[in-house]
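**Q** What follows is the residue order along each chain.
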Amino acid sequence: MKLVTAIIKPFKLDDVREALSEIGVQGITVTEVKGFGRQKGHTELYRGAEYVVDFLPKVKIEAVVAADMSEKVIEAISKAANTGKIGDGKIFVSNIEQTIRIRTGETGPDAL
Amino acid sequence: MDGITELSYALDTFYFLVTGALVMWMAAGFSMLEAGLVRAKNTAEILTKNISLFAVACIMYMLMGYSIMYPGDAAVSAWWPGFGGILGKADNTAAEVLASGGDIYYSNLSDFFFQVVFVATAMSIVSGAVAERMKLWAFLLFAVVMTGFIYPMQGYWKWGGGALDALGFLDFAGSGVVHLCGGTAALAGVLLLGARKGKYGADGSIHPIPGANMPLATLGTFILWLGWFGFNGGSELVVSNVAEANNVALVFVNTNMAAAGGVIAAMATARLLFGKTDLTMALNGALAGLVAITAEPLTPTPLLATIIGAIGGVIVVFAIIGIDKLKIDDPVGAISVHGVVGMWGLLAVVLSNEESTLIAQLTGLGVIFAWTLVTSLITWGIIKMVLGIRVSEEEEYEGVDLGECGLEAYPEFVGSKGSGI
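So the sequence lines, in the order shown, correspond to chains A and B. Once you know that position 109 of the first sequence is 109 in the working numbering, the rest is easy, because the numbers rise by one and skip nothing. Once you know that position 350 of the second sequence is 350 in the working numbering, the rest is easy, because the numbers rise by one and skip nothing.
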């Protein structure tokens with residue numbers, strides 16, 4: 001099983017979520033985060049004093065899927081979250097050792 | 001005897017000032033209501049809009065609006081008041097007051113103060129409907145025209161003694177002059193502005209965009225409710241004798257009852273339609289009740305006032321849903337609460353006031369609506385052509401707080417370079 005983690009622009013969340021539904025991903029976890037890569041921050045002005053905010057709001061999506069699904073998931077997220085502009089985000093894939101469904105105790109791919 | 005007359009003058013002047021101050025407090029109510037119903041990334045901007053429109057309204061009304069609306073004997077005709085110029089009437093002396101035999105019973109400036117907070121209220125109705133995607137300075141430019149000209153003209157036709165007044169059109173505290181006028185100007189703005197990105201799907205679906213802060217929205221509604229006692233109560237215009245004092249008390253009570261009726265009716269309607277008790281509908285219901293009674297809070301019994309408010313509460317729920325179905329995006333329901341229910345308020349006058357006629361009420365309704373819609377569309381249209389009224393798509397996604405104000409309403413995680421924090 002693979003954990004696919006994607007950092008995307010917040011307004012792309014609905015599009016990515018739909019794309020994942022369409023390929024059969026049944027569950028995802030979403031967190032509001034802030035961060036930066038190469039996208040520059042912006043300058044804010046508060047009562048005459050300027051300050052630079054590096055951190056931009058992003059959304060982190062995490063989905064654990066069967067290993068053979070991960071290519072499809074990467075493609076779906078990439079297409080849905082792409083705007084062509086800097087700051088579109090990144091996708092990371094890592095291994096998952098074990099998955100358990102709390103309600104029934106199922107383990108492994110059955111628990112996904 | 002002279003002492004009593006002077007005391008009456010002072011009391012009625014004081015009454016105008018205090019009720020005017022209560023109406024000014026409604027600006028805080030609108031600010032909180034709107035701040036609660038927009039998203040966090042757009043909150044600072046709408047607060048900026050609210051405080052600046054209030055300032056613009058006060059200044060424009062002083063510069064030209066007041067004398068357009070109340071030219072007195074200098075009016076040119078029943079439809080054209082003429083441009084009277086800047087506020088500057090000298091106030092009444094004690095001798096003039098005593099000699100007038102009761103005709104002069106309040107300070108001229110107290111009348112200006114009481115009226116200026118009304119025009120600011122009308123203008124603030126617009127800010128909610130165009131929230132989250134309008135350029136701040138384009139909005140303020142419209143405010144200049146609305147408070148300096150559009151509102152005062154239709155205000156003259158009724159309260160200034162112009163043509164609508166002569167026709168027998170009745171509007172005690174402004175369901176038409178203030179609320180319908182504001183709601184219509186808002187409608188014109190929204191029609192030219194367009195909906196927020198992502199609000200309406202290509203397949204006809206309607207996506208909710210929930211507000212960021214329900215406590216603020218509720219606080220705002222209660223503040224407006226309180227301010228409305230000044231709005232309707234002060235519009236009785238006199239308090240200094242037994243009959244008038246009783247009238248004022250009845251107006252306060254009816255205003256309160258109408259709000260209560262509006263809340264329950266809207267809550268019940270929303271519960272029946274959606275299966276859940278929507279807080280935002282309850283809040284809009286309170287305001288709808290208040291708008292509904294504003295055209296005539298004196299002649300109904302408290303029971304009738306409750307019913308009039310309740311009908312307003314039912315209407316507002318359907319209006320909000322209907323206007324959304326028409327793809328007219330109104331984040332706070334301003335067009336429904338003030339425009340649609342304002343119309344109901346004007347018509348409800350015939351239920352309790354024998355001097356009113358349906359014809360006169362419909363005429364006033366039609367004239368105010370048509371005048372405001374046409375002049376607003378023209379004004380918004382010109383501003384759109386010259387300046388543009390909508391922020392860029394990028395700015396709409398990021399939030400207008402950053403684009404227009406350069407700061408955030410709920411900043412956190414700032415971690416700035418060089419500030420040492």
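Quick caveat, the hints were computed from the structure, so don't treat them as lab data. Don't take every hint at face value.
Only some residues are given here: those of chain A computed to face chain B with a beta carbon under 10 Å [unchecked claim]:
hint: 1; residue: K40
hint: 2; residue: T43
hint: 3; residue: L45
Have a look at the derived ranges for each label pair, beta carbon to beta carbon [to be verified]:
hint: 4; chain 1: B; residue 1: G201; chain 2: A; residue 2: I23; range: 17 to 23 Å
hint: 5; chain 1: A; residue 1: I74; chain 2: B; residue 2: L326; range: 37 to 43 Å
hint: 6; chain 1: A; residue 1: I86; chain 2: B; residue 2: F318; range: 41 to 47 Å
hint: 7; chain 1: B; residue 1: L273; chain 2: A; residue 2: P57; range: 31 to 37 Å
hint: 8; chain 1: B; residue 1: D103; chain 2: A; residue 2: E50; range: 41 to 47 Å
hint: 9; chain 1: A; residue 1: D54; chain 2: B; residue 2: V374; range: 46 to 52 Å
hint: 10; chain 1: A; residue 1: P10; chain 2: B; residue 2: G168; range: 53 to 59 Å
hint: 11; chain 1: B; residue 1: D91; chain 2: A; residue 2: P57; range: 51 to 57 Å
hint: 12; chain 1: A; residue 1: T104; chain 2: B; residue 2: E394; range: 31 to 37 Å
Cross-link-like lysine to aspartate or glutamate pairs, in silico, DMTMM-like; alpha carbons within 25 Å at most [unchecked claim]:
hint: 13; chain 1: B; residue 1: K197; chain 2: A; residue 2: E32
hint: 14; chain 1: A; residue 1: K60; chain 2: B; residue 2: E394
hint: 15; chain 1: A; residue 1: K34; chain 2: B; residue 2: D103
hint: 16; chain 1: A; residue 1: K34; chain 2: B; residue 2: E96
By construction, the Cβ of each residue, glycine as well, lies at the ideal position given by its N, Cα and C atoms.
**Q** Which of the numbered hints are not met once you compare them with the structure shown?
**A** The structure breaks hints 1, 8, 12, 15, 16; every other hint is satisfied.
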